[in-house]
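From first to last, the protein sequence lines stand for chains A and B. Following the working numbering, the numbering of the first sequence begins with 1 at its first residue and continues without gaps. Following the working numbering, the numbering of the second sequence begins with 1 at its first residue and continues without gaps.
These are computed hints drawn from the structure, not numbers from a lab. Be a bit skeptical, because a hint or two may be false.
Identical chains share a label here; the pair holds if one copy fits it or two copies do between them.
Once the Cα atoms are required to be at most 20 Å apart in a straight line, the calculated EDC-like pairs of lysine to aspartate or glutamate come out as [said to hold, decoys possible]: (1) Lys234 - Asp214; (2) Lys109 - Asp121; (3) Lys109 - Glu75; (4) Lys109 - Asp210; (5) Lys109 - Glu99; (6) Lys234 - Asp59; (7) Lys109 - Glu266; (8) Lys109 - Glu41; (9) Lys234 - Glu303.
Number of protein chains: 2
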Amino acid sequence: MSPQVLPGTERQLAFRRELLDRGHLIETGVDGVYGLGPDFEDVRRRFDALVTRVAAPDDAVRMHFPPVLPLRTLEATGYVGSFPHLCSVVHAFEGDAVEARTMAELAEKHADWGDHLVQSDLALVPACCYPVYPAIAARGRLSVGGVVVDAGAAYAFRNEPSEDPARLRAFHQREIVRIGEPAAVEAWRDRWRDRSVALLRGLGLDATCDTAGDAFFGRAGRMLAATQRRDGLKFEVLAPIAGDAPTALASFNYHRDHFGALFGLELAGGGPAHTACLGFGEERVVMALLAAHGSAVSDWPSEVRAQLWEA
Amino acid sequence: MSPQVLPGTERQLAFRRELLDRGHLIETGVDGVYGLGPDFEDVRRRFDALVTRVAAPDDAVRMHFPPVLPLRTLEATGYVGSFPHLCSVVHAFEGDAVEARTMAELAEKHADWGDHLVQSDLALVPACCYPVYPAIAARGRLSVGGVVVDAGAAYAFRNEPSEDPARLRAFHQREIVRIGEPAAVEAWRDRWRDRSVALLRGLGLDATCDTAGDAFFGRAGRMLAATQRRDGLKFEVLAPIAGDAPTALASFNYHRDHFGALFGLELAGGGPAHTACLGFGEERVVMALLAAHGSAVSDWPSEVRAQLWEA
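Could you put the whole structure together from the sequences, leaning on the hints where they help?
Take a look at the structure:
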């Protein structure tokens with residue numbers, strides 16, 4: 001079943017057309033799911049390496065997680081209640097040979113064969129910090145000072161098809177997580193907010209910072225987002241891509257002790273740890289660079305190229 | 001619903017224990033889905049870069065695809081009929097606020113909430129060559145000589161939970177695809193078979209090559225695999241990990257004109273192109289290296305480290 005597609009503005013559609021024509025995106029037939037062309041993917045990886053260099057002083061624990069996580073972990077985060085419309089769950093076949101044949105016949109005709117599948121024990125990762133919390137909790141009580149975890153670049157999924165090329169259903173999130181005492185977590189968040197703005201301005205982007213709210217589901221969700229905004233729990237770093245307003249390239253969430261309590265993250269001195277996370281949307285960063293400096297990467301300003309091609 | 005887990009042998013369980021204890025794998029609570037520790041991921045990326053260096057003379061077109069592909073593409077390949085038991089399909093929510101609340105309550109109790117989801121238009125990628133065929137077909141008729149496509153390292157999924165750490169449900173496939181005239185495709189496949197064996201032997205692995213058959217579903221599937229084996233359409237490069245027999249680290253499939261006809265890949269002179277693909281299972285390569293040279297990466301033989309740390 002094809003979900004409803006959010007229409008793009010004329011400018012967003014023109015930008016998508018340009019990205020496709022220049023081979024930066026590759027059509028798959030589904031809005032929000034594209035292949036990445038060689039220059040696009042090269043810049044994305046170079047930006048990722050630049051974040052690694054900027055993050056070096058944090059001396060982070062490095063972990064890489066696959067794009068699926070246990071359904072139980074997703075359930076434990078409360079994501080299903082907050083973002084039911086964005087959930088992507090893996091369904092799989094457990095029937096016999098006769099049912100397999102019926103199912104394959106439906107599939108061949110491109111008819112719906114979902115009734116022959118059952119909910120498996122996996123979901124697609126909606127936020128790359130989620131697998132980190134149980135992994136750190138399993139190590140036992142935190143050391144004094146807590147921990148920084150660099151989860152690298154991993155795929156995140158949001159079931160929100162759109163014609164806006166900056167709203168992907170599958171995208172690379174470069175995720176860093178801070179777990180520790182409230183003051184340390186807030187200081188880390190504030191430091192990275194400044195670092196992120198400086199990093200993106202250094203690449204010639206008109207980056208600004210603002211408080212934000214998550215796209216919680218429904219009417220109750222709008223209230224949650226307002227509270228989040230009022231309490232300054234979510235910040236975004238934005239820059240122009242092809243929207244009427246700037247687009248978020250990075251976001252910071254401060255969860256207070258929400259995940260600490262849920263996953264049993266215990267401070268050195270006892271009590272639930274506070275957590276915050278930072279995620280760069282890497283495809284959006286590349287799109288902002290293409291929008292700012294043009295679609296021929298080799299013609300980008302030398303100061304920008306120097307930053308990315310340095311290592 | 002937790003699918004049935006294939007039991008591991010004593011040696012496989014001991015190897016998994018060692019990988020977990022050394023921090024090379026990180027438990028998620030689901031068999032076959034692990035986080036990757038820093039040394040493991042570092043070696044994986046270095047191996048990937050080594051393949052890039054070896055592949056350089058091929059002058060490949062580079063494309064990167066996300067871990068989901070349009071359901072229609074999966075359906076078109078015939079995968080649902082051949083491998084129903086391995087399919088992983090994305091199901092999503094399209095209900096209203098009332099249904100969302102019911103669903104979230106089930107999820108909170110870790111009860112099955114799959115009935116509230118519908119089959120979306122996406123599936124998880126089971127083989128990283130699949131998105132390549134329609135992308136190349138969309139460019140129009142091939143040039144003389146055809147094309148080599150390097151799809152880089154991307155995640156592939158197989159719904160086959162196992163206690164054997166070498167049988168992952170989500171793993172990195174480094175995929176290269178050859179599309180062209182039959183003779184050119186076969187010559188490419190044979191050249192890479194030799195290159196792959198040499199590459200892995202250069203890393204101190206006891207690599208060998210053998211014909212193989214795919215794990216097609218059911219009784220009819222076993223006949224298909226026997227034919228595939230007889231006709232020499234599938235080769236594997238194997239090396240010891242923790243199984244009783246060596247484990248496949250790379251596989252080569254020659255599809256003749258199967259995908260060429262299905263996706264309309266047309267030769268310069270007309271007629272459907274032939275295709276072949278090569279996929280390295282990168283986590284398996286790292287595990288074979290750990291099995292051969294020990295779990296302390298810094299103690300690996302200097303000739304092996306020189307290969308990987310060269311660039």
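Comparing the hints with the structure gives:
1. Lys234 - Asp214: Answer is within; shortest intra-copy Cα gap is 8 Å, inter-copy 48 Å.
2. Lys109 - Asp121: between (28 Å within a copy, 14 Å between copies)
3. Lys109 - Glu75: Classified as between; 8 Å across copies, 34 Å inside a copy.
4. Lys109 - Asp210: Result: close neither inside a copy nor across copies, 48 Å intra and 36 Å inter.
5. Lys109 - Glu99: within (16 Å within a copy, 30 Å between copies)
6. Lys234 - Asp59: neither (24 Å within a copy, 45 Å between copies)
7. Lys109 - Glu266: For Lys109 and Glu266, neither the intra-copy (53 Å) nor the inter-copy (24 Å) Cα distance is at most 20 Å.
8. Lys109 - Glu41: Answer is neither; intra-copy 35 Å and inter-copy 41 Å both fail.
9. Lys234 - Glu303: neither (31 Å within a copy, 49 Å between copies)
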